[in-house]
Amino acid sequence: DAGITQSPRHKVTETGTPVTLRCHQTENHRYMYWYRQDPGHGLRLIHYSYGVKDTDKGEVSDGYSVSRSKTEDFLLTLESATSSQTSVYFCAIEGDGTDTQYFGPGTRLTVL
Amino acid sequence: AQSVTQPDIHITVSEGASLELRCNYSYGATPYLFWYVQSPGQGLQLLLKYFSGDTLVQGIKGFEAEFKRSQSSFNLRKPSVHWSDAAEYFCAVGQNYGGSQGNLIFGKGTKLSVKP
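Line order of the protein sequences matches chains A and B. For the first sequence, the working numbering begins at 1 and goes up steadily by one. For the second sequence, the working numbering begins at 1 and goes up steadily by one.
It is worth saying that the hints were derived from the structure and are not from the lab. A few of these clues could be false.
[To be verified] Think about it this way: if two alpha-carbon atoms lie no more than 16 Å apart in a straight line, the pair counts; the simulated EDC-like pairs of lysine to aspartate or glutamate are:
(1) K108(B) <-> D38(A)
(2) K111(B) <-> D38(A)
(3) K49(B) <-> D99(A)
(4) K115(B) <-> D85(B)
(5) K70(A) <-> D54(A)
(6) K53(A) <-> D38(A)
(7) K53(A) <-> D73(A)
(8) K111(B) <-> E20(B)
(9) K115(B) <-> E15(B)
Given the sequences, and given the hints that come with them, work out the whole structure.
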């Protein structure tokens, strides 16, 4: 398995609170991605990173921000959580030139 | 715009029977195609991928998929299903952005149930 961990694995929070999810890799891969998974929608890209301090928006980026200050860590922040952000969040990594993404175990977030 | 369609939301097969999961894509250029499997409460595991060359690709766990450009399809097959294959299966399409896959576009998934 690719060396990817996500923390926390489960979180329950209240509407309006900030939340940060962490993705950590031990593969030294250049590319990292955040997706959300919702029933009937498959996975949708939130943000991605193509290097330290280099990030870009995905399909569903509203309400989310990201940061990557080190190769191994990619943080996803919900500035003010809403119930519509209740979802399962997956991080993925991709090595330069491999053209293949590998996924972490996911974080289940519930916003009450 | 790229899109992926998995026409079957839920399929039930008997253990030992053959399996085919359908995937159709919409993409202007030669796509990069993937199948992932997700067991309940787990992350996504890569089953197989197609970039170019032989249109029949072999993957892990006895799965194979065939790329048919004329039909814009990349169907997943297994000759004999095991109870442990019960999971959700996702087809995805991507493109090489000069070093990365960029945005993978996923289908909505097909849930596979296996009857004893």
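Under the constraints set out in the numbered hints, which ones does this structure not fulfil? Result: hint 6 breaks, nothing else.
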